[in-house]
Amino acid sequence: MTFFDILGGALLVLGLGFFVAGTVGMLRFPDAFCRLHALTKADNLGLALTALGTAVLAGTWSAAVKLALIWGLVALASATSGHLIAGHALRATDRRDRP
Amino acid sequence: MNAAWLAFDALLLAGILGVAWAAMAPGDAFRAIVMFMVMGLLVALAWVRLRAPDVALAEAAVGSGVTGALFLRTWHALPREAGRASEATAARPAAPRRLRLAAFGLAATLTGLLVAALASLDGTAPGLGDAVAARLAQSGVSNPVTAVLLNFRAYDTLLEVVVLLAAVVVVWSLDARPAPRPVPARGPIFLGFARLALPVTVLAAGYLLWLGAFAPGGAFQAGALLAAVGIVLLLGGLYRPGSGDRRRARLAFGLGLAGFAGAGALTLGLEGAMLRYPPAAAKTWILAIEAVLTLSIAATLAGLFLGERSAPARTGGERP
Amino acid sequence: MTTATALLYGLGGALLAGMALYRLVTAADWLRRIVAVNVLAVGVASILIATAYRGPAAPADPVPHAFVLTGIVVLVSTSAVALALIRLLHARDENHHDSR
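Top to bottom, those sequences are chains A, B and C.
Residue 55 in our numbering sits at position 55 of the first sequence; the count goes up by one each step and never skips.
Residue 53 in our numbering sits at position 53 of the second sequence; the count goes up by one each step and never skips.
Residue 89 in our numbering sits at position 89 of the third sequence; the count goes up by one each step and never skips.
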């Protein structure tokens with residue numbers, strides 16, 4: 001168990017904690033906007049920590065670059081889909097509130 | 001370490017079974033479709049555990065992504081207004097008790113037979129792995145799955161391309177309504193996403209195609225990525241199809257079959273047998289066929305989703 | 001089955017196939033039926049891939065993988081046609097209701 005193994009493992013566990021927090025928020029919050037808030041914020045940080053931990057465990061620079069690219073693309077996609085879902089939910093609530 | 005992996009596998013399997021059950025449960029159709037897509041991703045993870053990364057890539061991209069998109073498009077085309085639930089998604093009263101018992105008996109029989117067959121395997125059958133490994137050097141590529149798909153069993157892949165073409169012909173003949181358009185079609189965040197993500201995705205598709213020769217990847221996975229790019233472009237209103245685009249799309253559908261069958265005819269003339277590549281240039285032949293296949297598969301998958309008539313350009317407003 | 005992993009996932013595939021068959025027969029609507037067909041295919045594919053597994057060190061048997069890949073593409077084609085038929089049937093239903 002080298003130093004890098006411990007560091008990578010610790011980062012992964014930390015990232016896992018953030019993912020669990022996001023999932024608990026998704027299950028417990030009352031409406032779509034609160035749930036989106038919990039998911040996008042917590043999962044973003046969880047993803048960054050997980051990608052960092054995996055890069056440390058992988059050990060090679062090429063793996064680290066690929067993981068950085070994956071992190072960037074997933075962050076972009078989750079931010080965009082969070083925005084699109086929020087817009088859809090907003091329009092749905094507006095339609096329902098209209099007399 | 002072994003016990004930890006086994007615990008992981010058991011948890012993953014429990015997740016897959018639970019999500020699959022929720023995907024087929026009556027009730028909210030949208031929830032079922034999302035559960036189905038999640039199941040596809042979890043199954044892809046399971047297949048990576050079973051050392052099948054090429055198939056896992058295809059399942060995540062095509063089995064979960066494209067199929068889920070097709071489901072969502074169909075769900076959207078059916079009315080969901082209160083008081084007029086459609087035949088296709090209305091929650092009917094549960095099936096009669098006798099039917100459910102009969103179905104349970106049938107399902108239990110199937111599962112029992114499969115489990116008995118699995119239990120009777122004792123690992124002595126060698127399979128075809130050794131035969132493939134023995135001839136891998138002559139196939140032109142070093143990824144065994146690509147070698148099987150594009151060289152040893154190229155006929156099957158040729159017929160698979162025929163199935164894709166037949167499907168898009170049928171879907172384009174049947175479609176009654178154009179594919180849905182988002183409201184609003186453009187916004188700064190979506191445009192920014194498209195500008196950043198789409199070129200990277202095209203690059204990733206090309207990379208997957210080239211990678212397929214020696215690592216997990218290949219024409220189908222790359223084609224699915226390109227199809228996603230096409231769907232985002234057209235669905236997001238970033239590209240308005242012009243008058244000649246329908247004809248160009250039809251050409252693209254037929255391109256894969258024409259290229260593959262043409263290669264077969266050429267090899268028939270050169271080597272005396274269909275799809276027997278000249279041994280020295282096998283890799284070039286395979287890459288060329290795969291490149292043509294990628295473009296055609298991308299067009300076909302996008303065509304299956306979008307349908308023949310795209311929605312007219314709207315500045316905004318209610319969905320039909 | 002040489003390893004516990006493969007046996008576990010093979011059993012999972014068998015269970016998926018059974019669940020999907022049950023839902024296929026008792027489904028409440030057409031969309032759920034097509035989902036059940038897809039899950040059935042995924043279950044059978046899992047069994048194929050589980051039988052191709054040769055342990056964590058050796059490469060797996062590539063021929064069942066090629067079968068499953070072909071199967072996935074054929075399945076998406078079939079699902080697309082089935083869903084187009086559902087849309088068409090629904091459009092006919094709508095016209096029929098409106099013209100009454």
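To be clear, the hints were calculated from the coordinates, so they are not data collected in a lab.
These figures come from a predicted structure and were not determined experimentally.
From the three backbone atoms N, C-alpha and C, an ideal C-beta is built for every residue, glycine too.
Hints are supplied without guarantee of correctness; some may be wrong.
Unchecked claim - Among chain A residues calculated to face chain B with C-beta under 8 angstroms, some are:
#: 1; residue: L73
#: 2; residue: T80
#: 3; residue: H83
#: 4; residue: I85
#: 5; residue: A86
To be verified - Chain C stretches covered by chain B per the calculated footprint, using a threshold of three residues with CB under 8 angstroms from any CB of chain B:
#: 6; region: 5–12
#: 7; region: 71–80
Comparing the hints with the structure gives:
Nearest Cβ of chain B to the Cβ of L73/A: about 7 angstroms, under the 8 angstroms cut. The hint holds. A least Cβ separation of about 4 angstroms between T80/A and chain B falls short of the 8 angstroms threshold, and the interface hint therefore holds. Against a cut-off of 8 angstroms between C-beta atoms, the interface hint on H83/A holds, since the closest Cβ of chain B lies about 5 angstroms away. A distance limit of 8 angstroms between C-beta atoms decides the matter here; for I85/A the minimum to chain B is near 11 angstroms, and the interface restraint is violated.
Using the Cβ-Cβ criterion of 8 angstroms, the hint placing A86/A at the interface with chain B is not satisfied: the shortest such distance is roughly 10 angstroms. Counting residues of the region 5–12 of chain C whose CB lies closer than 8 angstroms to any CB of chain B gives 8, so the stated coverage by that chain holds, three being the minimum. For the region 71–80 of chain C, the stated coverage by chain B holds: 9 residues have a C-beta nearer than 8 angstroms to a C-beta of that chain, and at least 3 were required.
Of the numbered hints given earlier, the model fails hints 4 and 5; all others are met.
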